[in-house]
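Chains as they are written, first to last, in my numbering: chain A, 1 to 239; chain B, 1001 to 1239.
Because the hints were derived from the structure by calculation, they are not lab data. Treat the hints with care, since some could be wrong.
Stated by the list, open to error - Taking lysine-lysine and the DSBU-like style, the derived pairs with C-alpha atoms no more than 30 Å apart in a straight line are:
hint, chain 1, residue 1, chain 2, residue 2
1, A, Lys193, B, Lys1156
2, A, Lys156, A, Lys15
3, A, Lys156, A, Lys193
4, A, Lys193, B, Lys1149
5, A, Lys149, A, Lys193
6, B, Lys1156, B, Lys1193
7, A, Lys156, B, Lys1193
8, B, Lys1015, B, Lys1193
Below are the chains, spelled out letter by letter.
2 protein chains.
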Amino acid sequence: MAVEHTVKSFDDELKGLVEVVSRMAGLAEAQLQGAIQALVRRDGEIGNRVVQEDARIDDLEHQVSALTVRLLALRQPMAGDLRDIVSALKISSDLERIGDYAANIGKRVIALSQTAPFRLPAGIPRMGWLVQNILHEVMEAFTERDAAKALAAWQKDEEVDETYSGLFRELLTHMMEDPRNISACTHLLFIAKNIERVGDHATNVAETVYYMVRGEPLDAIRPKGDNTSLLTMPLPDGA
Amino acid sequence: MAVEHTVKSFDDELKGLVEVVSRMAGLAEAQLQGAIQALVRRDGEIGNRVVQEDARIDDLEHQVSALTVRLLALRQPMAGDLRDIVSALKISSDLERIGDYAANIGKRVIALSQTAPFRLPAGIPRMGWLVQNILHEVMEAFTERDAAKALAAWQKDEEVDETYSGLFRELLTHMMEDPRNISACTHLLFIAKNIERVGDHATNVAETVYYMVRGEPLDAIRPKGDNTSLLTMPLPDGA
């Protein structure tokens, strides 16, 4: 790696890094919003746009990686600055995954827009908006370096997990009532799971922000509401 | 962060880092194997053991993070060494996720061991063994610093994705045939998806190993065989 001369100060480069991460966050939020909108309107075209746009988030993640390696290699930062840089890298990888989940929802909406009409459980968009809200607050906490705000957002993920558990039951019930629902409900199950995973990644970001600001891990155990992996459904009547 | 004096050489510390990552990989492989075995035997106790053991992988990931930050802060590595360190950090985060997926399979096997008997599609354990194999080869490539081996393992993931697409159809068909299958098949769908995701993370590790050894990204586009997000199922007769 060639060592380049540069007139930019270390602080400027660090600010540049934070800026790219914030831009990634803005895109990730917009993608999630687009995916939920596509689902509610059953609009395959919006879904397709979300799929296409995902490459922009991936590009920004590569930028963050390059900036990080450059800062580490050329600037040899210590303690606090090092924590900021490693945190930016971690957050960018969570945001990239959030983008992937939004794109996967987009893909599934394309498939759903071609199936017979189905009843969309209100819990799915509700969960989507909730997660969007958490992500927004977490990223505010990042730019404002506010550990308390990160912690507050982090605690809201419990509601997401509970909503998801309820949805899981509801969708399985729809499938059992009428096999014509199975194909659509399976996509809806994965969409709900994707939203729940976005919530988990927003939670990761909150933990990273807390660590970045306070210099110590947020090691209280996160309230865990998703227990659907343990769920066995009652069989329908006569089964 | 206090700067500590140490008699260990940089090379020793770097070797220590690689060793912890290799230990994580060994555990992740064992966990995946345990999860598949639990599924095949429909053994909730093995499933439970896999769930409990996951904490050990998480602990090792924290060790990797701490070692990495220490190496970066105190040793101010350049170019090649920096790449090794950042690669170890990335790989450990993929291995941690693989551990999570194995634990989630374990949880679902506990649930499945309490349901009525069901037919386990042969494709699920087959896909599990295939992914285990890929992970094993990828980690050999890591310790041997063999970019060609990483690339060869990376290419096998296409078969995983194809197997998954077939399974997705098969499981939906079982559900449509008989609603009593829905609860078990839904868990099996998520188990199959978890295994497919483990394959994706093994693929990420292969990319990181390639980059670590060659110093340039493996940017050929990965063959993509999982298109189930786009799938619409034909409805059953009379539906």
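Proposed proximity, Lys1156/B with Lys193/A (alpha carbon, max 30 Å): holds (27 Å)
Straight-line alpha-carbon gap Lys1015/B to Lys1193/B, limit 30 Å: violated (35 Å)
Distance restraint between Lys156/A and Lys1193/B, which requires alpha-carbon spacing of 30 Å or less: Roughly 27 Å between the alpha carbons, so the hint for Lys156/A and Lys1193/B holds.
Pair hint outcome, Lys156/A versus Lys193/A [Cα-Cα no greater than 30 Å]: holds (17 Å)
Pairwise hint evaluation, Lys15/A against Lys156/A, where the allowed Cα distance is 30 Å at most: holds (29 Å)
Distance restraint between Lys1156/B and Lys1193/B, which requires alpha-carbon spacing of 30 Å or less: holds (17 Å)
Satisfaction of hint between Lys1149/B and Lys193/A, Cα-Cα up to 30 Å: violated (34 Å)
Straight-line alpha-carbon gap Lys149/A to Lys193/A, limit 30 Å: Status holds; Cα separation ~26 Å.
When held up to the earlier numbered hints, the structure conflicts with 4 and 8 and fits the remainder.
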